[in-house]
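S.K.: Spelled out, the chains give:
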Amino acid sequence: METLNCEVLGVREVNRALRRLPARSQVRVTNTYGKHNIAVGLDKEISITLGGNTGYFTGGLGGSSDGTGPDIVVDGFVGWSLAENLMGGSVRVKGSASQSAASSARGGTIIIEGDASLRAGISLKGATLAVAGNVGAMSGFMAQAGTILVGGNAGAGLGDSLYEAVIYVAGSIVSLGADAQVEELSSDDILAIKRLVEITGFDHIDPHRVTRVASARRLYHFSAQNHGSY
Amino acid sequence: MCGIVGLLIRDPGLEPQIGSLLAQMLASLGERGPDSAGAAIYSSGDPLSELAGSRAYLDRVRISLASEAPFDWEILRKPFAHIGSGDIGMRTFPTGAWLSVPSCELGAVMEFLSTKAEYFSVIGVGEGLSIIKGIGRPEAINGRFSVDSWRGDMAIGHTRMATESAVTVRHCHPFVPAPDLCIVHNGSFSNHATVRRRLIAEGIDFDSDNDSEVAARLISRQLALGDDLEAATRWVTKEMDGFFTMIITSPEGMSVVRDPFACKPAVVAETCQYVAVASEYRAIAGLPGIEDATVFEPEPEEVYTWKR
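Protein chains in written order, with my numbering: chain A, 314 to 543; chain B, -13 to 294.
It should be emphasised that the hints constitute simulated quantities derived from the structure, not laboratory data.
Wrong hints could be hidden among the right ones.
Claimed, not checked - Listed next, with one range per pair, are the computed distances between beta-carbon atoms:
#1 A:484 / B:35: 53 to 63 Å
#2 A:521 / B:214: 47 to 57 Å
#3 B:258 / A:354: 50 to 60 Å
#4 A:329 / B:186: 50 to 60 Å
#5 A:316 / B:194: 48 to 58 Å
#6 A:318 / B:274: 57 to 67 Å
#7 B:147 / A:539: 20 to 30 Å
#8 A:316 / B:-1: 56 to 66 Å
#9 A:539 / B:280: 47 to 57 Å
#10 A:541 / B:194: 36 to 46 Å
#11 B:44 / A:341: 51 to 61 Å
#12 A:330 / B:294: 31 to 41 Å
Claimed, not checked - Okay, derived cross-link-like pairs now, EDC-like style, lysine to aspartate or glutamate, Cα gap no bigger than 20 Å in a straight line:
#13 A:357 / A:379
#14 A:507 / A:519
#15 A:407 / B:278
#16 B:293 / B:277
#17 A:407 / B:214
#18 B:102 / B:91
No experiment lies behind these values; they were computed from the predicted model shown.
Glycine included, each C-beta is placed from N, C-alpha and C at the ideal position.
If we strip away everything but chain B, and leave its shape as in the complex, we get:
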């Protein structure tokens, strides 16, 4: 069992509230996923700044880092000062950090970070994407990463009850197989080893032995081949065998797909202010205007997409 949520904001007036809405959605799915959780936010500026959309973020890329144990991120400031122009912004949490680096210096920064893999991992990169992952109940993780205060226009999250692989930060969702692409999965795949071997043979690298990462890499491959979000999402129904409700977010928007037997739950709420997807209705019961929302369950094997 796991809990998944996705929230696409249509009314910009709601963007400063996205963090508190996401936090409440994740917390309500704590019973579905008490061992660990993860979330990601799409924003034009720093999600924790009052100045969302600040110009300082132009031509910059964000890198999200996570550590299994608390890490003293401040010690990175010194080596950062010597990479490229030395202009690296950093926001830190006990077990995570968000970097903002000039786009042209991404390669150099990533090369430096790869030498520190024993202390932390890079959990995702994107122009407008910031990611967190942590061990524990979602309420605790919300607090650790100030999720309540995030601003942005699209968010995705996952509460995990591990069944197929270990409980570590590295195994947490969302998986970010390509810049600005996030995938969360509730369920389990039975043919993940087979598909993983095939993708590895094609030259695709994996970060973990998590079954959900296989579907994430598959979607990422299809997007790289030129599919749009809807077509890429449909590939999960063609290639993957097992139980799944998946939410995928990309700069294009948000998509949802369920297995042919609809073994894992999903509910969608749509209003002129937002589109919300969650494992269970109680996760969206507290959203503004939910009484008047169009609420429905996605049909099995159908792909639903909403443009950003």
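If we strip away everything but chain A, and leave its shape as in the complex, we get:
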């Protein structure tokens, strides 16, 4: 397996080298030391292991609109905006993720084995975000499409101003955001969660015992009753 040393090459060279690799390559990136922008903008189906903690935007802008892309594993924790705007492929973090994980991600799967901090899945646009542990406040804010699965507890203001994304929480929820509501779990939901548990390996989640949070759609239109405050 090829190894790229971030400390020696620098992030820009590492990203260039990753972009040059043919499909089905396997590569390990070492000495990441919390650096930003590692493995961004890659579209080929390659396997990348980041051998340490990384900084902001790890694996961002990756994959193609058909949902394919690199499979990235981070052997550590990550900074802000993990897999931002991901289009396809997968990003798995062995540790925890800081704020805004999977923000605006349109496709692909983002898996966090630890916790995710505030605003996880903010403005999600179709990707799947699965967090084994807890998510911080304001997670799922204005998420438009896609699925968020939380194996632990969710912080305050979950799913504020949600559009059509769906959030499943196995643990407790501190509070729901504006226009978010708890809905009954359908058999389709249970099936979807079962599939996610298989993919992620988060078998501490019982698909029958999660809370479904989705949009109440009260913010979709202006209401004539509120005329005075517009």
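Mind docking chain B on chain A? Use the hints.
M.R.: Structure of chain B alone, referenced to chain A:
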């Protein structure tokens, strides 16, 4: 955007290295704050002396000076010889100086320094505190002030990307609103003018129109009223509106607080050798034993304190 760092040493064996650790932390946050930087070190003796904790520092106070342009500090030696006992120690850098004066003569020295305000400013006073501030990237400032060689048991630093006020030495952090009290801030306050007016009405003086100085003066007021470091730090969440991650250091120890939305980043690393706080993990990635440190992000609106 700005970068902030704090480092509290628990293992005295690490004290001779604090300068090189601080320098590396500041340099790694150069992208967050390329226009200017500042730092402060707490030490029992001269931070640049092999004899840290030397008895010569008993009953003495340190005054830190900074100038916008290089200044010939040597010309101060003559007037200093005529103030009180004339026993004023001085360590100089191109745009800064550290004075050591007998505690009982602090007033006289400060009075003399106030007559030279057109050439330099007093950026802080303390029994165990030395401060630097400068314009430029942190690497350059580290070199100018030999930060690598500092010794001490607690340090704080800031790399600045100015958004609310001018890029001058006077506007640099850390702010030192009271002896041995340092504050660095990443973020911006939206109600600083209102709080500043109120504090001025109470008789509190300001050195600059910097928004962060308002929070610094607020904390200082609370400490003067008898609050401990934790309670005084909590006042920022009560009075100040805006984005902030702040690190505060005092003889008591170090504290950290973030705004309710955690708009500005922060990461803490704790080991039995030290406690480090920084804007980003990459600033602490090079600290000794970081692999085994407890690393976490401070929760919004929570105050964290570590005793010195």
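S.K.: All hints, please: hold or fail.
M.R.: Going down the list of hints, with the structure as the test:
no., hint, in the structure
1, A:484 / B:35: 53 to 63 Å, "55 Å, holds"
2, A:521 / B:214: 47 to 57 Å, "49 Å, holds"
3, B:258 / A:354: 50 to 60 Å, "41 Å, violated"
4, A:329 / B:186: 50 to 60 Å, "55 Å, holds"
5, A:316 / B:194: 48 to 58 Å, "50 Å, holds"
6, A:318 / B:274: 57 to 67 Å, "21 Å, violated"
7, B:147 / A:539: 20 to 30 Å, "41 Å, violated"
8, A:316 / B:-1: 56 to 66 Å, "35 Å, violated"
9, A:539 / B:280: 47 to 57 Å, "49 Å, holds"
10, A:541 / B:194: 36 to 46 Å, "45 Å, holds"
11, B:44 / A:341: 51 to 61 Å, "56 Å, holds"
12, A:330 / B:294: 31 to 41 Å, "46 Å, violated"
13, A:357 / A:379, "12 Å, holds"
14, A:507 / A:519, "8 Å, holds"
15, A:407 / B:278, "16 Å, holds"
16, B:293 / B:277, "23 Å, violated"
17, A:407 / B:214, "39 Å, violated"
18, B:102 / B:91, "18 Å, holds"
Hints 3, 6, 7, 8, 12, 16, 17 from the list above are not met by this structure, while the remaining hints are.
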